[in-house]
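Participant: Kindly generate the complete structure, drawing on both the sequences and the hints.
Line order of the protein sequences matches chains A and B. The numbers in the working numbering rise by one with no breaks, and the one at position 122 of the first sequence is 122. The numbers in the working numbering rise by one with no breaks, and the one at position 137 of the second sequence is 137.
Simulated from the structure, these hints should not be mistaken for lab results. As the structure is a computational prediction, the values presented were derived from the model and not from experiment. Do not rely on the hints blindly, as some may be mistaken.
Claimed, not checked - Pairs of lysine-lysine, BS3-like flavour, derived with a Cα cap of 25 Å: (1) K166(B) / K124(A); (2) K83(A) / K17(A); (3) K124(A) / K171(B); (4) K17(A) / K124(A); (5) K119(A) / K171(B); (6) K17(A) / K166(B); (7) K63(B) / K31(B); (8) K53(A) / K119(A); (9) K166(B) / K119(A); (10) K171(B) / K17(A); (11) K86(A) / K31(B); (12) K69(A) / K124(A).
Below, each chain spelled out in residue letters.
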Amino acid sequence: MLQEILFDRKPNLLLGKMLDKAALAQRVIASNVANVGTPGYERLGVSFDEALKSAVRADRMHFKRTNPKHMPDPNWSKNIEPKVAKVDDGYWNGINNVNIDREMVELAKNQLDFNIASKLLNQKYSQLRTAIRGRR
Amino acid sequence: MEFITHKASLFRGNIYRSIDISGSGMTAQRKRMDAISSNIANVSVTNVDGNGNPYLRRHVDMKPDPEQTFSYALSKADMKMKRSDRWHMPAIEEVVEKREEIPLVAAEETEIPNMKKNVIFDPSHPDADENGYVTYPDVNILQEMTDLMIANRAFEANVTVVNAAKQMIMKSLDI
Numbered sequence: 001m002l003q004e005i006l007f008d009r010k011p012n013l014l015l016g017k018m019l020d021k022a023a024l025a026q027r028v029i030a031s032n033v034a035n036v037g038t039p040g041y042e043r044l045g046v047s048f049d050e051a052l053k054s055a056v057r058a059d060r061m062h063f064k065r066t067n068p069k070h071m072p073d074p075n076w077s078k079n080i081e082p083k084v085a086k087v088d089d090g091y092w093n094g095i096n097n098v099n100i101d102r103e104m105v106e107l108a109k110n111q112l113d114f115n116i117a118s119k120l121l122n123q124k125y126s127q128l129r130t131a132i133r134g135r136r
Numbered sequence: 001m002e003f004i005t006h007k008a009s010l011f012r013g014n015i016y017r018s019i020d021i022s023g024s025g026m027t028a029q030r031k032r033m034d035a036i037s038s039n040i041a042n043v044s045v046t047n048v049d050g051n052g053n054p055y056l057r058r059h060v061d062m063k064p065d066p067e068q069t070f071s072y073a074l075s076k077a078d079m080k081m082k083r084s085d086r087w088h089m090p091a092i093e094e095v096v097e098k099r100e101e102i103p104l105v106a107a108e109e110t111e112i113p114n115m116k117k118n119v120i121f122d123p124s125h126p127d128a129d130e131n132g133y134v135t136y137p138d139v140n141i142l143q144e145m146t147d148l149m150i151a152n153r154a155f156e157a158n159v160t161v162v163n164a165a166k167q168m169i170m171k172s173l174d175i
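Facilitator: The following block contains the structure:
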């Protein structure tokens with residue numbers, strides 16, 4: 001049981017992926033904003049939610065680990081990778097398809113994603129720290 | 001473990017919907033600003049196409065984004081059976097009605113045909129007609145200025161909504 005709590009890395013891993021995605025999306029948004037006046041530039045977007053959703057769904061369908069001595073699935077997190085792709089939402093700013101308002105909104109949402117994930121991860125680790133040290 | 005994976009799938013659920021809606025509103029107001037600045041810049045353009053036709057005033061129409069209500073439209077188009085008798089089952093349309101999402105806003109630029117002829121007698125003007133009259137665009141600068149103020153304030157309102165939504169989500173993290 002203790003092993004399960006301490007060393008089951010799934011939630012931490014998910015939150016870590018969330019942070020990875022936020023860092024990547026930050027760079028993608030910065031690239032879009034920097035290229036708002038570049039002719040021929042095509043807007044980039046990050047797709048992550050679909051990969052996360054299908055990974056969680058696939059995890060539910062597989063065999064359950066009912067005993068800590070069962071082997072954990074080593075490939076579990078392989079498919080949860082954020083992907084960068086050209087995303088065109090039909091907007092035209094006169095030079096390329098970057099919509100500055102949309103980028104600002106995506107920036108705000110990405111910051112919130114980062115805050116949520118880092119907050120949850122922080123709580124997770126502080127629980128662990130409390131369990132190790134005891135309250136003083 | 002189950003709890004946290006559930007939370008992760010909630011991330012992109014509906015909590016960012018209001019931010020997305022306000023973003024579409026900001027884009028719409030920006031389009032409106034473009035139309036207004038075009039109207040003001042072209043206020044004395046008397047010959048657009050070489051045939052002596054004046055500039056036509058641009059207006060931006062706002063409507064709920066059709067893309068966002070696509071599933072609604074599809075489900076409605078899917079149901080081919082008409083309710084031609086009052087004994088037919090009525091419940092289906094009510095169910096469909098409830099599935100409609102809160103829509104984003106879409107802005108579309110249209111040209112307004114000249115309502116009144118804005119003519120000035122000026123025979124020396126190259127675009128004057130055979131009687132010496134020049135047709136100017138039907139653009140009212142005062143109207144454009146008030147539209148500009150409305151677009152400006154509406155944009156600010158959308159920004160305020162985004163900030164409020166952001167603060168709400170951040171506050172919920174403090175629980």
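Participant: Taking the earlier hints as the rules, which of them does this structure contradict?
Facilitator: none
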